[in-house]
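A.B. asks: What follows is the residue order along each chain.
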Amino acid sequence: MKLMWFHLMPYTELPEDFRTRSPSVWIDIDPKLFDPARGHLMYNDFMDELEYAAECGFDAICVNEHHANGYGQMPSPNLIAASLARNTQKSALCIMGNSVALYNPPTRVAEEMAMIDCISGGRVIAGFPVGSPQDTCFAYGQNPSMLRQRYYEGIDFIRQAWTRDEVFAFDGRFNQQRYVNVWPRPVQKPHPPIWIPGGGSVETWHYCAEQDYVYCFLSYFGYKVAREQMHGYWAEIRRLGKEPNPYRAGFLQFVGVAETRAEAMKLYREPAEYFYGRCLHVDPRWVVPPGYMTEATIRARVESQMQIAAKVSAGGGPSVNQNATDFEGIVDNGYVLVGSPDEVAEKLREVALDLGVGHLMLLLQFGNMNKDLTKYNTKLFAERVMPQIKDLFDDQWEDKWWIKPMPRAQLSSKAAA
Amino acid sequence: MVDQANAARAAQLEGGGMSKPEASTILVNGLPCRVWAKGEGAPLGYLPGIGGLPRWTPFLDQLAATRRVIAPSLPGFPGGIGHDHLDTHFDWLLATHDLLTAAGLAGADVIASSVSGALAADAAGVWPLLIKRLVLIAPFGLFDASDPPTDIWAQRPGHLNGLLCNDTQTYKDFVAQPDSVDAIEWKVEQMRAQETSARFLFPLGNTGLAKRLRRITCSTLLLWGERDRVMPFTYAERFASGIAGKSEIVKIATAGHLAELDAPTSAADAVLTFLQ
Chain A
1 MKLMWFHLMP
11 YTELPEDFRT
21 RSPSVWIDID
31 PKLFDPARGH
41 LMYNDFMDEL
51 EYAAECGFDA
61 ICVNEHHANG
71 YGQMPSPNLI
81 AASLARNTQK
91 SALCIMGNSV
101 ALYNPPTRVA
111 EEMAMIDCIS
121 GGRVIAGFPV
131 GSPQDTCFAY
141 GQNPSMLRQR
151 YYEGIDFIRQ
161 AWTRDEVFAF
171 DGRFNQQRYV
181 NVWPRPVQKP
191 HPPIWIPGGG
201 SVETWHYCAE
211 QDYVYCFLSY
221 FGYKVAREQM
231 HGYWAEIRRL
241 GKEPNPYRAG
251 FLQFVGVAET
261 RAEAMKLYRE
271 PAEYFYGRCL
281 HVDPRWVVPP
291 GYMTEATIRA
301 RVESQMQIAA
311 KVSAGGGPSV
321 NQNATDFEGI
331 VDNGYVLVGS
341 PDEVAEKLRE
351 VALDLGVGHL
361 MLLLQFGNMN
371 KDLTKYNTKL
381 FAERVMPQIK
391 DLFDDQWEDK
401 WWIKPMPRAQ
411 LSSKAAA
Chain B
1001 MVDQANAARA
1011 AQLEGGGMSK
1021 PEASTILVNG
1031 LPCRVWAKGE
1041 GAPLGYLPGI
1051 GGLPRWTPFL
1061 DQLAATRRVI
1071 APSLPGFPGG
1081 IGHDHLDTHF
1091 DWLLATHDLL
1101 TAAGLAGADV
1111 IASSVSGALA
1121 ADAAGVWPLL
1131 IKRLVLIAPF
1141 GLFDASDPPT
1151 DIWAQRPGHL
1161 NGLLCNDTQT
1171 YKDFVAQPDS
1181 VDAIEWKVEQ
1191 MRAQETSARF
1201 LFPLGNTGLA
1211 KRLRRITCST
1221 LLLWGERDRV
1231 MPFTYAERFA
1241 SGIAGKSEIV
1251 KIATAGHLAE
1261 LDAPTSAADA
1271 VLTFLQ
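Which chain is which? The protein sequence lines are A and B, in order. All the letters of the first sequence, read from the start, carry residue numbers 1 to 417 under this note's numbering. All the letters of the second sequence, read from the start, carry residue numbers 1001 to 1276 under this note's numbering.
If you're looking for bench data, these hints aren't it; they were derived computationally from the structure. All C-beta atoms, glycine included, are put in the ideal place defined by N, C-alpha and C. Hints should not be assumed to be uniformly reliable.
Stated by the list, open to error - Have a look at the derived ranges for each label pair, beta carbon to beta carbon:
{"no.": "1", "chain 1": "A", "residue 1": "P284", "chain 2": "B", "residue 2": "S1019", "range": "38 to 44 Å"}
{"no.": "2", "chain 1": "A", "residue 1": "L33", "chain 2": "B", "residue 2": "Q1169", "range": "37 to 43 Å"}
{"no.": "3", "chain 1": "B", "residue 1": "P1178", "chain 2": "A", "residue 2": "Q176", "range": "43 to 49 Å"}
{"no.": "4", "chain 1": "B", "residue 1": "G1208", "chain 2": "A", "residue 2": "L33", "range": "32 to 38 Å"}
{"no.": "5", "chain 1": "B", "residue 1": "G1208", "chain 2": "A", "residue 2": "E228", "range": "43 to 49 Å"}
{"no.": "6", "chain 1": "A", "residue 1": "F34", "chain 2": "B", "residue 2": "A1106", "range": "52 to 58 Å"}
{"no.": "7", "chain 1": "B", "residue 1": "A1253", "chain 2": "A", "residue 2": "D30", "range": "50 to 56 Å"}
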């Protein structure tokens, strides 16, 4: 199994009364709340933490893209990844990812990822999310009704730009370019592995299966919420006659490790409540612009809502609450997995097997967790949890979607150090 | 399938004091779009506002007493498909032209409400013979950052319904699911209609119409609900001052953005007076 260390880069000093004072953490968050001098320290701490995770032996360090967002301060994950490419040696650089529909032409995405792949000696994982409605439609003004068509076309453009060995013309519906010629070329052939973060639509599952991309379910609500999605994904993979290789999938989980469960409950209460209380304070007006969801997804959701309503009226109900902001609720519902190293290892083994995920992304910094606690959590995980679960799946399955770095002998002296 | 659904919908409109319109289908870009028509007399077109025309309305019924009211559905509005084939404003403008022409409205008087107003206004300017006289009900198409319209695409669930009419119940009734229609398909149709408006107007509702308003040479009535919570009244003056043809502004008391739903009699009277 691959264990991947993920950073969201949250602003760690949102005020205590943020929920009542600010309409939302996203889009219309008060610009006056951002202190650039504090931002300087945060960015440097966060990049230290990512580099520390690489030193501790995580298989990958992960960055992602958000805009106008108080809990995700990487409008350009490529900038961070470029720095990490210089200051780390072995870890994969998982850029999770670039919302390709935002870039016209997508040439820029192909170029920057190829640059980072060259700088790092072939360590880039290229994540291509559709992008949240907040980031794409509201922060960047993209038309929700055309976003997905632009997105699919953008990925096709990038893949061609990376793999075709001649200058070519691209005559797309949304992108027209007479001369496409990405220079530099990526190290990895035919191209860096492509991973697709998705929210659970059948169309995305089909797309990943057809294109042979990794499907990643990235949610802030943990393994309990993920069960239905991942089981649906694997059912679809089997139905399509594809090999149920766990390395076709990725999944994100918040984790807090300490010597004992009681100690973990004490240490991670504040950062978890900060994240689920303040960071996830998102105004519902930014959630569903018309056209963002496909008609197939709308149909599926309306059907699902009707089924839930029927279940509730029959005395049942949804099993996982997705609105908890108190630590007990956060832990009980599985958003954050806390415990001693042995407890966490046992639970993660169970979760990975149940969900069938070979790429486990871990948020070991969340909310306002400071650098010391982040490093403690990271080190304890690397030394006492990782060895217990690292071998999972490797005796049965090959990870065909992992990086293919250059041979050490060919690396620059700094990269090989 | 679309034809059957449209015929079934038309059949459901009997009762409530209104008789059903005649339903037919025309093709725009080779895809079906419903046309509802009713009444006798000179043709009068109607392009509905946000959400399209899920059911026939008292406003149209009153107009149909003296005119042949023809209400074609834009691609993506209830009864029409094909919005996802249209990418640019030029695509939408051509679709509007083809829709009006195929519905038998070339050279006729046309009413366009809200979002459709942006398309009809441009069509009137680009093809001066296409529209004889134009009625715009709180149209989109312009944007002034110092006095912006409400962002209709950034609303909390359920809030948009409360913005469109002065009386919230009026809009709820307008979009209420008839018993005999499949609940999921009705919901999908409503969402598709919302998407359609976004497809040609997101994010600001600004189609660049300001620099083309002077091309509109036909007589134009600008109808505005006094309690419009979406499009500020100042836009009526912007339209009136920009249009080259004769224009007049009429305010409708106790009406919101979709004034023809809130105050059908006052709105129909204003339209018929203008078209006399």
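A.B. asks: For which of the previously enumerated hints does the structure constitute a violation, in increasing order of number?
C.D. replies: Of the numbered hints, just 7 does not hold.
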